[in-house]
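Fit the two chains together into the complex; they arrive one by one in their own frames, and the hints show the way.
Protein chains in written order, with our numbering: chain A, 1 to 246; chain B, 1 to 250.
Hints in this document: simulated from the structure, not taken from any laboratory. It cannot be assumed that every hint is accurate.
[Claimed, not checked] With a straight-line cut-off of 20 Å between C-alpha atoms, the simulated SDA-like cross-links for lysine to any residue are:
#1 B:K18 to B:H212
#2 A:K29 to B:F106
#3 B:K207 to B:A174
#4 B:K207 to B:L168
#5 A:K25 to A:S41
#6 A:K23 to B:W92
#7 A:K20 to B:R74
#8 A:K20 to B:K207
#9 A:K29 to B:W92
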Amino acid sequence: MNFFYLAGLYFVFLKRVFSKPEKQKFYLKNIFTELWNLGISSIGIVAIISFFIGAVITLQTAYNVTSPLFPLYLIGLGTRDSMILEFSSTIVSLILAGKIGSSIAGEIGTMRVTEQIDALETMGVNPASFLVMPKIVAMLVMSPVLNIFSVFIGILGGYITVWATSVIPLNDFLYGVTTEFIPFYVTYSLVKSTVFGFIITSVSAFQGFYVKGGSLEVGRAGTRSVVYSSILILIFNLILTQLLLA
Amino acid sequence: MIEVKDINKSFNEVAVLKKITADFQPGIVNLIIGRSGSGKTVLLKTIVGLHTPDSGDVLFNGRNFFQLNNTNRRYIRREIGMLFQGGALFDWATVEENVRFPLDFFTDWTKKEKEIRVSFCLERVNLLHAAKLMPSELSGGMQKRVAIARAISLNPKYLFCDEPNSGLDPQTSAVIDHLIFEITHEYKITTVVNTHDLNSVLRIGEKIIFIHQGQKWWEGDRNTILTSQNEELRDYLIASEVLIKSGIVK
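So here's chain B without its partners, still in its complex pose (with noise of 0.2 Å):
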């Protein structure tokens, strides 16, 4: 389990995550939706330890991140895994390259434990045809994939994703959340996605937590958000076209 107590962030001043608690549990996808700017990225930079908050804790299993020294810091670093939002894939490496990367910085296994443990990575994203081509000859959706086979080539114990939908057609967006579900619940992963996608929310949001303009608004399912009464919330779920097309919000 991933806790986060009384996390406030700024930049230049400006207060952008003000005094967040919330906790994502383990084997299900735990959703951070809201606005843009509301400071849905932010957070979750501030959980895997891109930013250093300005006060507050974050704790995996009990562990409080920001206690701990730069080397029990890597350890945590080394059951997470992270989809970002443009994929980061490494440019310089083939898509095999880019998931073997951390079984080659982190394992001391032999070669051929490697190239099996790419190989089923590449095979449950379904891009095993794609292992010797670089990322920039693979469209959108397939960088996503391959980022989410190197996030789980260590086997994490945490998966955040940033935005796994952004810039992603209404198709290739459901196979990368079913992808991110499946994945979730097979290896019982606390997995954090972050996303504005109200198609997501329904598909995936097992627990969800909507943050408004720095602030935790409301928590709570996919089955609960569209009955819930918070303004902040229903003003948000109404600007979804989606939710106004099919009757559900007006």
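In isolation and in its complexed conformation, chain A is listed as follows (with noise of 0.2 Å):
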């Protein structure tokens, strides 16, 4: 029962979320505030966990290749399609999920308890719309575009690690990283990345708007946003592979 209420206030609140905004100016202006914070603000995370996570699968899959049989230009092509198709769409989604999913539901949350929402609906503004939307449209267009530079990041990572142990030749790493690319995994990632971004601001977003009480209530919120953001990620990574990989 209380599952069903939620997802129906869910979708009620996105509806509110989509309604048509009145004026259009101020919700541009918030759009390129949100696309710096939620955006611009979370590349460097992404940057770090991506180099690093890129220079480790390079090393895993070198040292667990014995084989002489098994062709060297594979470790790269390894890390550029496990970049691709999982870390740099999930794993990094997850990652935003902890760091703007808590960050949205408490700013949302707190600007609730101090009635900053009431005063904008009692103003005959659009609270969910006005709050939430530039959130959403931000985050729908830099999710692909960190998804992208982290697989980039990543692929520099695993690099500048084969440079500096000589784990395989560099020439084998840069062979496996250019050859074999199927252009659909990208297209594949990035639809995996822009949903998750969605989900990771919605579901965020509705946590901290709905929020009953004082600080005890935001700071559960908050948790409450990025549980509930990781589990449906895994969930629609789930489904979202098998409707495009099958």
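Here's what the structure looks like:
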């Protein structure tokens, strides 16, 4: 019962979020602000994590390849495809669910308990649309950008590791990265990261928007937003993989 | 004028408002008083449409708010200014931007016109010098004054104030009360103030409605409240140290 109530409330919330904006200039300005807050400010963490994961994938694959029949270029290929297919879309989204999700839920939840959302409502402004839509739009734009960025940084991490450790010849790694490329993998990855970006922002904003109580509840909403976003990301990862790669 | 007719509201099957009927007159300060938990805030939030009543009507100059569609409700909301208990200033905006927000959103005024209006509103609450500050840099009293400036920026027909003196010292409370009183008379606004501060009641209560356990128990003004024979109201008044100390109530 509670699940169906929440699901229904979530879709009612989305309807409010995507109702026609009144003052489009205002929304555009907010979208640019959120592009910075949610997207550009996440570049650092995405870069650090992607670099090290790319490096570790390369090393682990190299150290586990013991057969002399295994072509070494496959290590580069494996690093590239792992980054594209799973890491840069799913794992980066799970990390962003923690960073951005809790921040959105906290921000909107605080606005709820300090009556700022009531103030907007009383003025005749649609608070769901005004506060949440720019975040969702910004994330829909930035998720694929962060995804592509993560792929490149991950491959760079692998490249620098190979260069520094000489675990395999550099040429083999580079050949692997550039060979047998399947463009649809990029489409698949971009679709996933866009869907996940929508899940992170909408679920977190939903949790913050309906907070009741005080600071304790705002904290709990932040935690719930991370947990629910992460679970939904994993479920949709499975669904999208089956739909797109089957 | 605002008319409230037979308003009922309950939360989780607990009745908070029970058949409340009242009218709030234009150009004067109308007070809703009562103990904490009596239903004052719920009544105020129901009037401004933040809560939907289980039954009953709220009429703004004859327009039945809850029978209007969303677009028409929005038109009424643009005639409303509201001062929330904690000020509810947007913490992402400066004082100046807070006051300008309704103008940016609902008018097609030029930048210059907006600047003049913002300066006027801030001047009216004696906070022109704080225009560039963030809400977090202001004291509680200053935040309330900025919230009043924001509430009057669009020349509202109706002004609602939820516990405007909560958390303020007696002198700042008096400043806020006088400001609300002056603005109401200057612009002929229908003002509804929700308070449990008896000093405010005696200072600005031109029309007073006493709510107890979700029901309206008494209606009058600051001149008649102290002589009322209504038992619940007298119990409520006796709880005020100010009145006891002054010997008005024993």
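Structure-based check of each hint:
no.: 1; hint: B:K18 to B:H212; in the structure: 10 Å, holds
no.: 2; hint: A:K29 to B:F106; in the structure: 16 Å, holds
no.: 3; hint: B:K207 to B:A174; in the structure: 18 Å, holds
no.: 4; hint: B:K207 to B:L168; in the structure: 23 Å, violated
no.: 5; hint: A:K25 to A:S41; in the structure: 23 Å, violated
no.: 6; hint: A:K23 to B:W92; in the structure: 18 Å, holds
no.: 7; hint: A:K20 to B:R74; in the structure: 14 Å, holds
no.: 8; hint: A:K20 to B:K207; in the structure: 41 Å, violated
no.: 9; hint: A:K29 to B:W92; in the structure: 14 Å, holds
In this structure, the earlier hints numbered 4, 5 and 8 are contradicted, and the remaining ones agree with it.
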